[in-house]
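Enquirer: Chain by chain, the residues:
There are 2 protein chains.
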Amino acid sequence: MSIKIGIIGYGNLGRGVENAIRQNPDMELSAVFTRRNPESLKISTETAVVANISEIEKWQGKIDVMILCGGSATDLPVQTPEYAKYFNVVDSFDTHAKIPEHFANVDKSAKASGKVAIISVGWDPGMFSLNRLYANVILPEGKDYTFWGKGVSQGHSDAVRRIAGVKNAKQYTIPVESALEAVRSGSNPELTTRQKHIRECFVVLEDGADASKIENEIKTMPNYFADYDTIVNFISEEEFVRDHSTIPHGGMVIRTGKTGANKENQHLVEYRIKLDSNPEFTSSILVAYARASYKLNNEGVSGCKTVFDIAPAYLTSKSNEEIRATML
Amino acid sequence: MSIKIGIIGYGNLGRGVENAIRQNPDMELSAVFTRRNPESLKISTETAVVANISEIEKWQGKIDVMILCGGSATDLPVQTPEYAKYFNVVDSFDTHAKIPEHFANVDKSAKASGKVAIISVGWDPGMFSLNRLYANVILPEGKDYTFWGKGVSQGHSDAVRRIAGVKNAKQYTIPVESALEAVRSGSNPELTTRQKHIRECFVVLEDGADASKIENEIKTMPNYFADYDTIVNFISEEEFVRDHSTIPHGGMVIRTGKTGANKENQHLVEYRIKLDSNPEFTSSILVAYARASYKLNNEGVSGCKTVFDIAPAYLTSKSNEEIRATML
Chain G
299 MSIKIGIIGY GNLGRGVENA IRQNPDMELS AVFTRRNPES LKISTETAVV
349 ANISEIEKWQ GKIDVMILCG GSATDLPVQT PEYAKYFNVV DSFDTHAKIP
399 EHFANVDKSA KASGKVAIIS VGWDPGMFSL NRLYANVILP EGKDYTFWGK
449 GVSQGHSDAV RRIAGVKNAK QYTIPVESAL EAVRSGSNPE LTTRQKHIRE
499 CFVVLEDGAD ASKIENEIKT MPNYFADYDT IVNFISEEEF VRDHSTIPHG
549 GMVIRTGKTG ANKENQHLVE YRIKLDSNPE FTSSILVAYA RASYKLNNEG
599 VSGCKTVFDI APAYLTSKSN EEIRATML
Chain D
299 MSIKIGIIGY GNLGRGVENA IRQNPDMELS AVFTRRNPES LKISTETAVV
349 ANISEIEKWQ GKIDVMILCG GSATDLPVQT PEYAKYFNVV DSFDTHAKIP
399 EHFANVDKSA KASGKVAIIS VGWDPGMFSL NRLYANVILP EGKDYTFWGK
449 GVSQGHSDAV RRIAGVKNAK QYTIPVESAL EAVRSGSNPE LTTRQKHIRE
499 CFVVLEDGAD ASKIENEIKT MPNYFADYDT IVNFISEEEF VRDHSTIPHG
549 GMVIRTGKTG ANKENQHLVE YRIKLDSNPE FTSSILVAYA RASYKLNNEG
599 VSGCKTVFDI APAYLTSKSN EEIRATML
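Those sequence lines, one after another, are chains G and D. Per the numbering used here, the first sequence starts with residue 299, numbered consecutively. Per the numbering used here, the second sequence starts with residue 299, numbered consecutively.
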């Protein structure tokens, strides 16, 4: 009687979902869908099947929720509306500016099929969004701050790796401690991009590459680095493998605001996460919202939802009586 | 077209609700209900009425949500089920052990009347409960910690004031910094009551009272102080009025947990608040959930709810489109 989950895409996120399912006894992994030859893919759940994505329609009625683990740039805009025709789906679509368009496409598809689709699930968008909303409704007169890091930015790491002469690279986004302190003090500072985050790069060069030229190329790269104070470290391949093989991340959402007859009282609300593995944390959130999509659909709900639309009780396998008695 | 709010009880919480309503343009205060002679009560909202609680039934249809600002010991167990017969209601019932019983009583009443009642709204129970739930569903294998303070405990302050020879007193609950550090480090410490919080008292003595006898009486008081390291400071009435007239509070909910194929990755989730005014922050939360009760009831929902049952989108006056575009 457990909830049957399918995974589409078996990268870091998909593998994280597979691990997370094992931490949730009310769920089981039924199948992983891949664009590759299924024979070429080795998964760690012995009871689950690997299938080619072209066969997915045959799984209608056999899988309760599909968790989409592709990328926001090209995979999810196509996949989420497509698979919401057949399954409850959850995705981590994170291109903030395109969320309204994605929502509309997915909603149309999920309403037609009578399924529940929950989009933009993760920590930002996701848990950070929830914390922005909760803090805003409590403190309507106040100011929001979001800091990211210390953690690996995949996009910035890719940008550095694309530079000629760079063999490998990793970029860490780091909140500026003095900016954080100013925010937490309640002084409501106006902070520029440069004042909020530092960018630090660890770069392995190709033989004979010109370090100072590459350093300059990184620091002046528009959109990615030009607006930041950037530190560039050149290291050996050994050091890179030894010290920079994990994908940590974190960050905080802070709101400060005032209440009282004369706005004399100041309040601070801070939500902070510190993650050894960014994809595994995101996967764990996806799995909890997969449960919610299943429970909601069983109640006859359909259409596209975001974390804002999901009552917290739907996320847990525990009964309402139990969570009121133990967590309230 | 604004949401019409009634307040029952005009202590710190009731006054906080009155102030919070002014920060929410979609709401207006219609009336404050009191057990006292209405003439004796001066409120700060000129457009609102003060009425005796005995007249409350006449307000059916004129008030959308009643916010109950009485105490959990004797007021709310009676008032919330009673007024849910006529109105959508929100309360801050915080006697954790009695929540199941209170829920059942209120649910029966609200289902019969077709109204929505949201109970145990505030920060603990309330925002802290939500954060426990969210962190638990994301990290099923982990450990929860709740710290309170630095802040005033009304119950402990009252207990000290009841000692013969004590003229006035205030008690602050303070998290132990080393315990917090151990928790945040991810070492999953087992912490005793004494290891988690210190209690600090500021006491004004009556003329001729025996300080050392009173200090001993405080430190050995069962349930309140005996299990804690307690600091007792005797101060003058002037110092008391100057330094201890506000009601600050705060605290944090922390969960650490592991993910990964071999549980090799550690994560920390922390929700932290720091409040100049405990009652005003609680009041601001009550007002946001009053909006949710109104919106839910307009959709035909009835019965007793807690923060776990309320989708975050119901808390805001903004449209779903707007919050998706600006906060997600």
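Calculated directly from the structure, the hints in this document are not laboratory data. Each hint should be verified, as a subset may be incorrect.
No more than 30 Å apart at the CA atoms, straight line, and that leaves these computed lysine-lysine pairs for DSSO-like [as the list claims (entries may be wrong)]:
#, chain 1, residue 1, chain 2, residue 2
1, G, Lys593, D, Lys593
2, D, Lys340, G, Lys556
3, G, Lys409, D, Lys616
4, G, Lys406, D, Lys593
5, G, Lys383, G, Lys302
6, G, Lys448, D, Lys561
7, D, Lys593, D, Lys356
8, D, Lys448, G, Lys561
9, D, Lys340, G, Lys448
10, G, Lys616, D, Lys494
11, G, Lys561, D, Lys616
12, D, Lys593, G, Lys441
13, G, Lys340, G, Lys360
14, D, Lys441, G, Lys448
Far from chain D, some chain G residues (derived; all Cβ distances over 12 Å) [stated by the list, open to error]:
#, residue
15, Asn317
16, Ser338
17, Lys360
18, Pro375
19, Lys383
20, Asn434
21, Trp446
22, Lys465
23, Glu513
24, Ser581
Beta carbons are placed, not taken as given, at the ideal position from N, Cα and C, and that holds for glycine.
Enquirer: Looking at Glu513(G) again, its CB stays over 12 Å from all of chain D?
Expert: Consistent with the label, Glu513(G) stays out of reach of chain D, its closest Cβ about 32 Å off (over 12 Å).
Enquirer: Hint check: Lys406(G) vs Lys593(D), CA-CA at most 30 Å. Holds or violated?
Expert: holds, 25 Å
Enquirer: Quick one: work out the minimum CB distance from Ser581(G) to chain D and report holds if it exceeds 12 Å, violated otherwise.
Expert: violated, 8 Å
Enquirer: Against the 30 Å threshold, does the CA-CA distance of Lys340(G) and Lys360(G) hold or violate the hint?
Expert: holds, 22 Å
Enquirer: Within a Cα-Cα threshold of 30 Å, do Lys616(G) and Lys494(D) meet the stated pairing?
Expert: holds, 28 Å
Enquirer: Checking the smallest CB distance to chain D, is Asn434(G) really beyond 12 Å?
Expert: violated, 7 Å
Enquirer: Would you check the hint for Lys593(D) and Lys356(D), treating anything up to 30 Å between C-alpha atoms as holding?
Expert: holds, 23 Å
Enquirer: Hint check: Lys441(D) vs Lys448(G), CA-CA at most 30 Å. Holds or violated?
Expert: holds, 23 Å
Enquirer: Is Lys340(D) close enough to Lys448(G), meaning Cα to Cα at most 30 Å?
Expert: violated, 52 Å
Enquirer: So is Lys465(G) really clear of chain D, every C-beta pair being over 12 Å apart?
Expert: Holds, because the least Cβ-Cβ distance between Lys465(G) and chain D comes to about 27 Å, which exceeds 12 Å.
Enquirer: Has the given pair, Lys340(D) with Lys556(G), been kept, meaning a C-alpha gap of at most 30 Å?
Expert: With Cα atoms ~24 Å apart, Lys340(D) and Lys556(G) stay inside 30 Å; holds.
Enquirer: Compute the least Cβ-Cβ separation between Pro375(G) and chain D, then decide whether it is above 12 Å.
Expert: holds, 16 Å
When the structure is compared with the earlier hints, violations turn up for hints 9, 15, 20, 24 and for no others.
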